[in-house]
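Novice: Full structure from sequences and hints, please.
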Amino acid sequence: MKRHGYVERQNLLVDRYSALGRSEHYGDLARTIIASHPDLIISLSGPIARQLKPLTTTIPILVSSGDPVAGGVVTNLAKPDGNITGVSVDAGLGVYDKRLQFLSETVRNLRNVRVLIPSSATMFWETGLAPLREAAGRVGIRIAAVLLSEKLDGAAYERVFDEMETDRVDGLMVAHQGEHLTNRQLIADLAAKHRLPAVYPHREFVDVGGLLSYGTDLGDAMLRLADMTDQVMKGAKPAGIPFYQQIKFELVLNRTTAKSLGLEFPVSLLAVADEVIE
Amino acid sequence: MRQREFIAGTAITAALSFAKPVCAQTDARSPGIKRIAIVHTAEKPEGMTINGRLTFKAILGS
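Quick mapping for you: the protein sequence lines, in order, are chains R and L. The first sequence lines up with residues 1 to 278 when you count with the working numbering. The second sequence lines up with residues 1001 to 1062 when you count with the working numbering.
No lab work stands behind these hints: they were computed from the structure. Please note that a few of the clues may not be correct.
What the hints assert, rightly or not - Each computed DSSO-like pair below joins lysine-lysine, with the alpha-carbon atoms no more than 30 Å apart: (1) R:Lys151 with L:Lys1044; (2) R:Lys2 with L:Lys1057; (3) R:Lys2 with R:Lys248; (4) L:Lys1034 with R:Lys234; (5) L:Lys1044 with L:Lys1057; (6) R:Lys53 with L:Lys1034; (7) R:Lys53 with R:Lys234; (8) L:Lys1034 with R:Lys193; (9) R:Lys53 with L:Lys1044; (10) L:Lys1057 with R:Lys53; (11) L:Lys1044 with R:Lys2; (12) L:Lys1057 with R:Lys237; (13) R:Lys2 with L:Lys1034; (14) R:Lys237 with R:Lys248; (15) R:Lys193 with R:Lys259; (16) L:Lys1034 with R:Lys98; (17) R:Lys193 with R:Lys79; (18) R:Lys234 with L:Lys1057; (19) R:Lys79 with L:Lys1034; (20) R:Lys237 with L:Lys1034; (21) R:Lys151 with L:Lys1057; (22) R:Lys248 with L:Lys1057.
Unchecked claim - Label pairs and their computed distance ranges (CB to CB): (23) L:Pro1031 with R:Lys259: 53 to 63 Å; (24) R:Val267 with L:Arg1053: 32 to 42 Å; (25) L:Glu1046 with R:Arg168: 33 to 43 Å; (26) L:Pro1031 with R:Glu278: 45 to 55 Å; (27) L:Leu1054 with R:Pro266: 23 to 33 Å; (28) L:Arg1053 with R:Arg3: 11 to 21 Å; (29) L:Glu1046 with R:Arg108: 36 to 46 Å; (30) R:Arg108 with L:Ile1050: 36 to 46 Å.
For glycine and all other residues, C-beta sits at the position ideal for the given N, C-alpha and C.
Specialist: So, in structure tokens, the structure goes:
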């Protein structure tokens, strides 16, 4: 926003809201935001945007979401619904198949994988990731969701990692929801503690000790969201701004973490990696 | 420009159990001033700043 000439507390006021990891509060939070009559809402969550959507047809909502169509935020990316547009940070859920492929190339004989998902994203697992379940089945990998409790705190993450150890899980896929980014250090630490190889949606996880990531450039996506915000504040209609979908994906590998897990990235993976952290 | 009450620190209302806005609020109808709301599922409001993690740096800064 700063590069578009907005300076907080001078010509821009920012009200910050958080559900603090409690998905049962999304509805109340959405109603509170709408009642405050902001000029524009930036929702860094598809599920919260879904709660906001029926409450206003006039306040523009700019959303950062995994797959906005699969997530029920809009029905069309090119011509978004009414007062909503934004960016997709996980363009095309086929990217999950690719993540599983990279994980299975790193962990030989991968057999029992979990996908880490907040309880608020159950629909995402049931509908959006059906192709991933089919792809895993074809190569003999058992895959299931591990759902975090509604009260999403450190204890909730520790609990599911303990369960995965009991279930002899040998690979983890961390889904794209924002809750995980907030807790990225905790997740990377727990994966290390439980010696569980994991693939992540963004490099921010690998920067704090995660094994590998494959996904879009989050910083670039957020810059686009700021650009859209500026456009709308200058009078553009959200319906006239197509959802931005990134087409560039980056593969980032953490060799130090691999070594600590007793793994080695295959040459084929190292050859296509955008960055290898030593 | 009509000033609203300044809410300091991380104001978490017990009744609602989620974080309320943390900022100096001003009437958005004042000429030239825009008021936006940013909402996240889990991030603490004090981290949602230009000095916060990449997501917030990119949106509010750059």
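Novice: Any of the earlier hints contradicted here, and which numbers?
Specialist: 8, 16 and 17
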